[in-house]
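So the sequence lines, in the order shown, correspond to chains B and G.
Count the first sequence with this note's numbering and you get residues 64 to 442, in order.
Count the second sequence with this note's numbering and you get residues 8 to 602, in order.
It is worth saying that the hints were derived from the structure and are not from the lab.
Keep in mind that this is a model prediction, so the values were computed, not measured.
Please note that the accuracy of each hint is not assured.
Pairs of lysine to aspartate or glutamate residues, derived as DMTMM-like cross-links and limited to a Cα-Cα distance of at most 25 angstroms, are as follows [claimed, not checked]: (1) G/Lys60 with B/Glu328; (2) B/Lys211 with G/Asp16; (3) G/Lys493 with G/Glu527; (4) G/Lys210 with G/Asp305; (5) G/Lys137 with G/Glu218; (6) B/Lys211 with B/Asp279; (7) G/Lys496 with G/Asp305; (8) G/Lys493 with G/Glu436; (9) G/Lys60 with B/Glu332; (10) G/Lys137 with B/Glu328; (11) G/Lys493 with G/Asp525; (12) G/Lys510 with G/Glu69.
Okay, the calculated bits of chain G under chain B, using three or more residues with CB under 8 angstroms as the criterion [unchecked claim]: (13) 36-46; (14) 57-63.
Even glycine gets a Cβ: it sits at the ideal position worked out from N, Cα and C.
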Amino acid sequence: MLFSDTPRLFERNTRPMSAVARLLKRFYLDGPLLGGLLVIGALGLVVLYSAVSQNMDLWLQQCVRLFVALVVMLVVAQLPPDLMRRWTPWGYLLGLVLLVMVLAAGEVGQGAQRWLDIGIRFQPSEIMKLAVPMMAAWYLHERQLPPKISDLLVIAVLIVVPTVLIARQPDLGTALLIAMAGVLVVVLAGMSIRLMLGLCVASVPGAYLLWQFMQDYQRQRVLTLLDPDSDPLGAGYNIIQSKIAIGSGGLFGKGWTNGSQAQLEFLPERDTDFIFAVMGEEFGLLGVLSLLGMYLFVVGRGLYIAIQARDTFSRLLAGSISLTFFVYVFVNTAMVTGLVPVVGIPLPLVSYGGTSMVTLMAGFGILMSIHRHRKLLPH
Amino acid sequence: MSLFAPIKDHHSEQRLFVSRVILSSVISFVLLGLVIARLVQLQIFDHELFAEKSQGNRVRIEAVPPTRGLIFDRRGKVLAENLPAYQLELIPEQVPDLDDTLQRLARLGLIRDEDIPRFNGLSQTGPRFKPITLRFRLTEDEIANFAIQRPRFPGVDLQPRLVRQYPDGELVAHAVGYVGALSTADLERLDRAAYAGTSHTGKTGVEHFNEDLLHGEVGFRQVVTNALGRQLPAETRDFSESLPESEAPQPGHNLYLSLDLDVQRVASEALAGRRGAVVAVDPTNGEILALVSSPSFDPNAFATGMSPSEFNALQGDEDRPLFNRAVRGSYPPGSTIKPMLALAALEVGATNLTRRTVCIGYYSLPGSTHRYRDWRPEGHGEVDLHDAIAQSCDVYFYEISRDIGIDNMHDYLLQFGLGRNTGLDVDGESVGLVPSREWKRRAFRERADQVWFPGETIIASIGQGYMLATPLQLANAAATLAMRGKRFKPHLVAAFEDPLSGKRTLMAPEPLPSVQIDNEFHWDSIIAAMNDVLQSETGPGSAGHTGWPAIAARRRCSRSARRKSTTRRKWTSDCATTRCSLRSRRWTNRALRSA
């Protein structure tokens with residue numbers, strides 16, 4: 064190779080890259096974040112193909128959902144953060160109204176009232192996944208940080224009202240995640256650590272009270288977690304089978320579509336909440352570590368965007384969205400591996416199902432918008 | 008922005024935010040570390056444990072039942088075989104409307120209305136993918152009828168199965184027995200592992216006694232199943248490389264019975280329409296040539312299953328067709344024991360060959376006016392021992408009975424195999440009863456009843472009173488006479504055959520302790536008298552003897568040998584060697600009518 068060829072080698076590599084970069088910039092998309100999400104989405108489709116037992120119909124539906132979710136992300140990324148901030152209270156109020164409507168006239172599905180049919184069928188709780196942290200960030204945007212006690216009390220009300228409405232559906236898992244998204248905002252805003260610890264200590268008697276109010280099936284889930292073998296064919300079945308699936312996968316896994324636990328239907332809910340176990344069985348420890356690595360990359364990129372953000376609202380919202388995403392990943396994987404009770408939270412971007420994926424991607428759209436629309440100087 | 012808004016210190020806010028992000032990140036890393044540690048624990052350290060569990064999850068051992076051995080008669084005619092039959096099965100999960108489907112099947116006449124609730128119950132208890140058998144064996148017409156209608160019955164289908172079939176069912180029912188569906192009682196008795204997958208087991212007769220030989224050994228295959236136990240088709244998943252070997256079942260042994268279907272038919276026809284039993288035994292080896300109990304029943308009904316009402320009708324029949332009279336029925340043996348008592352009398356010196364008695368039709372004990380009647384009211388006139396046997400004169404035996412004594416009678420009859428099991432290879436034999444003073448002492452509670460009366464000895468001498476014997480015992484006793492005291496255990500199975508190697512194992516005749524007598528010439532006298540039984544015009548073989556409890560009849564060697572030479576070569580030579588042994592002895596026990 065001649066020395067004079069070197070510049071051309073560089074040229075050839077940089078020119079298409081810059082075109083992609085221009086395109087991303089034009090549509091306010093963040094390259095690393097988009098790349099990470101696409102890799103996770105693709106991995107998810109690969110695992111799902113096996114988890115739905117090669118059912119092409121179900122698999123294509125999921126492809127369509129992923130595509131729709133990406134389009135939603137693209138659209139959301141076009142909205143400047145200032146605009147979103149101004150819409151936030153209205154969005155939050157709309158969400159509350161819809162939640163009340165769900166309780167009043169919602170459709171019952173799988174023993175719970177979660178769906179609302181106004182032209183299109185959807186779960187208003189999905190709106191709240193974004194509206195609650197946005198509302199908290201909106202409230203803190205113009206106030207001095209760290210937040211005062213009075214501010215915290217107002218935000219507590221803003222969080223508790225939708226949480227209780229959703230918990231009444233009843234959808235305890237989603238309610239707790241939405242509350243978590245709001246709490247993360249105040250934590251990132253600088254709420255006193257001493258206060259947090261104090262609340263934790265105070266939550267011990269609170270947990271006792273909560274135990275008293277829990278439904279039997281919810282108590283059973285907690286008890287089963289502590290000793291899954293006590294009820295191997297009942298409540299503990301999911302956890303036992305999921306542990307067998309993951310454990311039998313070993314370091315390298317049994318190979319794609321060769322997981323006997325998943326393919327022979329021993330693993331329940333293998334295409335939704337327990338899809339992580341399918342991955343663990345078929346791709347082994349190396350496979351799940353790769354997936355977890357991608358999740359970590361996406362969360363890291365989100366937090367980087369949050370740190371780069373120039374105003375309080377963007378910063379808090381970006382941080383909350385990123386950390387909530389991590390909480391999803393943690394709760395699902397910890398549940399599937401038997402570390403926490405089975406709470407019915409899907410593995411983000413991988414589990415079969417549409418609504419939550421759209422919400423997640425909308426959240427990442429917000430992150431991209433925040434990153435691409437940021438001004439050089441704080442206003 | 009309001010002028011009165013508090014001044015925000017963006018730099019300190021930024022620093023605070025970054026510190027919180029760092030804190031959150033640290034917590035996140037710790038949480039993620041927990042998950043990863045858990046994954047390492049499950050997938051690296053406990054991997055072998057879980058791999059083993061997952062293996063156990065997907066592979067299930069399924070039993071493959073062996074084919075039951077066939078049963079033939081001594082000349083290779085099939086007595087029991089396995090025929091493919093179509094049974095009607097329903098798979099609950101594939102039936103859209105169970106009630107409607109069952110109703111329509113009932114309207115087609117394929118199932119009975121009374122069974123519908125039972126099938127409804129069955130479909131709710133078992134796994135929904137497991138077929139329920141609606142009918143065990145369909146006729147050709149029913150198969151055709153259903154085949155046309157099949158599109159209207161999703162989830163209902165015809166399944167070929169092997170069903171035990173007895174071509175000459177009624178003829179051999181009591182000897183061959185039958186198989187029936189395994190009951191819970193059977194399962195307690197049998198080795199459950201060996202009968203996994205088997206649906207029927209021998210219930211009576213040869214089928215029951217030789218269950219171990221006939222059943223064969225269960226095989227197994229490994230099937231891939233899902234969590235619900237549903238078997239997955241092999242082609243959808245290729246897990247076969249890791250499956251352990253299957254093992255083919257070992258079919259049961261084929262049995263060759265000593266029974267002769269032709270002799271059996273003759274005996275059965277002789278009894279047609281009457282209650283009774285016939286046992287024919289080869290005296291030279293104890294092989295049973297015919298074993299008939301009348302009336303009989305169709306054993307095929309048991310193999311295919313019958314409704315409770317059908318079974319109750321069979322069991323409630325006053326002719327008791329299910330009762331095996333030949334083996335289980337114990338009846339007063341009557342005059343059939345006279346030759347044996349005559350031998351006893353000669354041996355103990357109660358009489359001799361020249362002693363003569365005038366039979367006037369009845370006998371009274373000295374000092375008593377009670378008349379013990381002869382079967383011939385006018386009497387037999389002057390008779391000696393030979394005539395007494397040939398004509399079955401009761402009075403002669405009444406007279407010598409006191410000199411023999413009940414205890415001597417008991418000892419000799421016991422030597423001939425009465426009052427004890429013959430050891431036939433069919434379960435459920437009756438023991439019968441040969442009375443003695445000792446027996447009476449033990450059998451009765453009251454002291455007054457325990458005394459043996461002289462009159463009881465007298466009626467015992469013509470096989471009445473307490474005395475009981477099964478037709479099988481009497482047949483074997485007569486065979487013993489013919490063999491001059493040599494006894495064999497009667498048996499139905501002559502040989503069994505390994506169906507795979509074709510290796511046949513013959514059952515050797517099993518000798519029993521011989522009848523011990525001092526003077527061998529006494530056999531000749533008794534046998535000579537027996538030879539005259541059938542020819543005697545006034546004897547029990549004549550028409551005048553009807554109404555008597557028992558007939559002992561004997562075919563002469565020359566006659567039976569002539570017949571057999573055309574049909575059974577092997578026996579002809581047997582017959583030549585034991586020239587005057589009795590070929591077959593038929594006991595028609597007419598007393599069974601009173602049974």
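Restraint check for G/Lys493 with G/Glu527, where alpha carbons must lie at most 25 angstroms apart: At roughly 12 angstroms apart (the allowed maximum being 25 angstroms), G/Glu527 and G/Lys493 satisfy the hint.
25 angstroms Cα cutoff - pair B/Lys211, B/Asp279: violated, 39 angstroms
G/Lys510 paired with G/Glu69 [C-alpha distance capped at 25 angstroms]: violated, 30 angstroms
Restraint check for G/Lys60 with B/Glu328, where alpha carbons must lie at most 25 angstroms apart: holds, 15 angstroms
Chain B covers the region 36-46 of chain G, three or more CB atoms within 8 angstroms, holds or violated: holds (count 7)
Annotated coverage of the region 57-63 of chain G by chain B, confirmed only when three residues or more have a Cβ within 8 angstroms: holds (count 5)
Satisfaction of hint between G/Asp525 and G/Lys493, Cα-Cα up to 25 angstroms: Within the cut-off at roughly 14 angstroms; holds.
G/Lys493 paired with G/Glu436 [C-alpha distance capped at 25 angstroms]: Holds - the C-alpha atoms of G/Glu436 and G/Lys493 are around 22 angstroms apart, at most 25 angstroms.
Restraint status (C-alpha distance of G/Lys137 to B/Glu328 at most 25 angstroms): holds, 18 angstroms
Pair hint G/Lys210 and G/Asp305, alpha-carbon separation not exceeding 25 angstroms: holds, 14 angstroms
Distance restraint between G/Lys137 and G/Glu218, which requires alpha-carbon spacing of 25 angstroms or less: violated, 28 angstroms
Pair hint outcome, B/Lys211 versus G/Asp16 [Cα-Cα no greater than 25 angstroms]: holds, 15 angstroms
Hints 5, 6, 7 and 12 from the earlier list are contradicted by this structure; the remaining hints agree with it.
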